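Engineer: Could you put together the complete structure from these sequences and hints?
Keeping their order, the protein sequence lines are chains D and V.
Going left to right, the first sequence walks through residues 1 to 125 as our numbering numbers them.
Going left to right, the second sequence walks through residues 1 to 149 as our numbering numbers them.
Hints are computed from structural coordinates only; laboratory data are not their basis.
Mixed in with the good hints there might be a few duds.
[To be verified] Distance condition first, Cα-Cα at most 20 angstroms in a straight line; then the derived EDC-like pairs of lysine to aspartate or glutamate:
hint : chain 1 : residue 1 : chain 2 : residue 2
1    : D       : Lys-123   : V       : Asp-103
2    : D       : Lys-63    : D       : Asp-53
3    : D       : Lys-123   : V       : Glu-32
4    : D       : Lys-119   : V       : Asp-65
5    : D       : Lys-63    : D       : Asp-49
6    : D       : Lys-119   : D       : Glu-107
7    : D       : Lys-123   : V       : Asp-79
[As the list claims (entries may be wrong)] Incomplete in silico selection of chain D near chain V, CB under 7 angstroms:
hint : residue
8    : Asp-53
9    : Phe-54
10   : Pro-55
11   : Leu-58
12   : Met-67
13   : Tyr-102
14   : Arg-103
15   : Gly-108
16   : Glu-114
17   : Tyr-116
18   : Ala-117
Just so we're clear, the structure is a prediction, and the values are computed from it rather than from any experiment.
Ideal Cβ positions, reconstructed from N, Cα and C, are used throughout, including at glycine.
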Amino acid sequence: MTPSLVFHTFTLMGEYKSIRLDAVFNALGDPTRRAILARLQTADARVTDIAGDFPISLNSVSKHIRMLERAGLLRRTVTGRDHTLSLNAEPLAEAAEWMEHYRRFWEGRLAALEAYAVKNQRKRK
Amino acid sequence: MNAAAKATTAVIVRRMIAATPEDLFDAWLDPEALGIWMRPEGIRHTRAKLDARVGGSYEIIMQGDTQTYPHHGVYQVIDRPHRLVFTWLSPGTEGLSTSVTVDFFAAGQRTEVVVTHEQLPHGAHESHTQGWTSALERLAEFAPAVTLP
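Structural biologist: Quick look at the structure:
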């Protein structure tokens with residue numbers, strides 16, 4: 001891979017991903033929604049079962065579930081009347097990747113800052 | 001936000017550099033210097049224009065072989081030679097305002113530079129800070145379930 005391609009990929013991925021990232025981070029920023037995700041980590045569950053876990057109305061739980069779905073964190077399978085939810089961890093990986101890209105970017109910049117500062121000092125001496 | 005909370009919200013990168021805090025701090029606000037070191041691999045040249053005042057804006061244009069990558073933002077804290085805070089928007093952040101904090105810690109003959117890049121929406125969205133903080137804490141918690149490509 002040529003150097004330019006590396007940066008190109010980085011930027012394009014950042015463009016595509018930042019849209020969903022916002023939804024992911026917002027979806028994770030609530031204790032009920034995190035509890036729903038935690039529950040689905042071990043096994044799939046029906047919407048009605050999940051609603052039974054929380055001391056809030058089915059309507060509220062549905063709203064939380066919709067936010068998680070919008071962020072791409074849940075998959076819903078409908079069989080007759082049963083709506084079964086399963087966890088989709090892929091957007092979480094994208095979020096982690098987004099952070100990794102910036103980590104690499106800043107590591108590179110600080111290395112360049114060091115090279116610049118050291119060279120500058122030599123010049124002054 | 002305190003330092004402990006901050007540690008969980010963002011991308012944090014640190015580097016010990018054999019230079020004074022003043023010299024390193026100035027390298028962030030000097031367009032000529034930025035043109036030299038704010039140039040990632042694959043970028044032919046970087047052009048920086050800036051107004052180094054709180055509330056002043058900057059523009060860093062990175063020119064690749066075929067594409068141009070514009071970055072811009074506004075300086076929020078300029079505390080020479082300790083701390084620099086600015087917003088950071090680029091095609092990579094899709095119009096979202098992210099926040100970059102640069103801290104400079106003198107350590108004998110050297111200086112530790114710490115960059116904290118947070119996806120914190122500014123202004124009216126300040127109330128979301130808590131949400132973002134816990135969101136990222138949770139991200140780490142869920143990480144074992146995640147398979148990176």
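Engineer: For each hint given before, does the structure comply? Return the numbers of the non-compliant ones in rising order.
Structural biologist: 1, 4, 7, 8, 9, 10, 11 and 12
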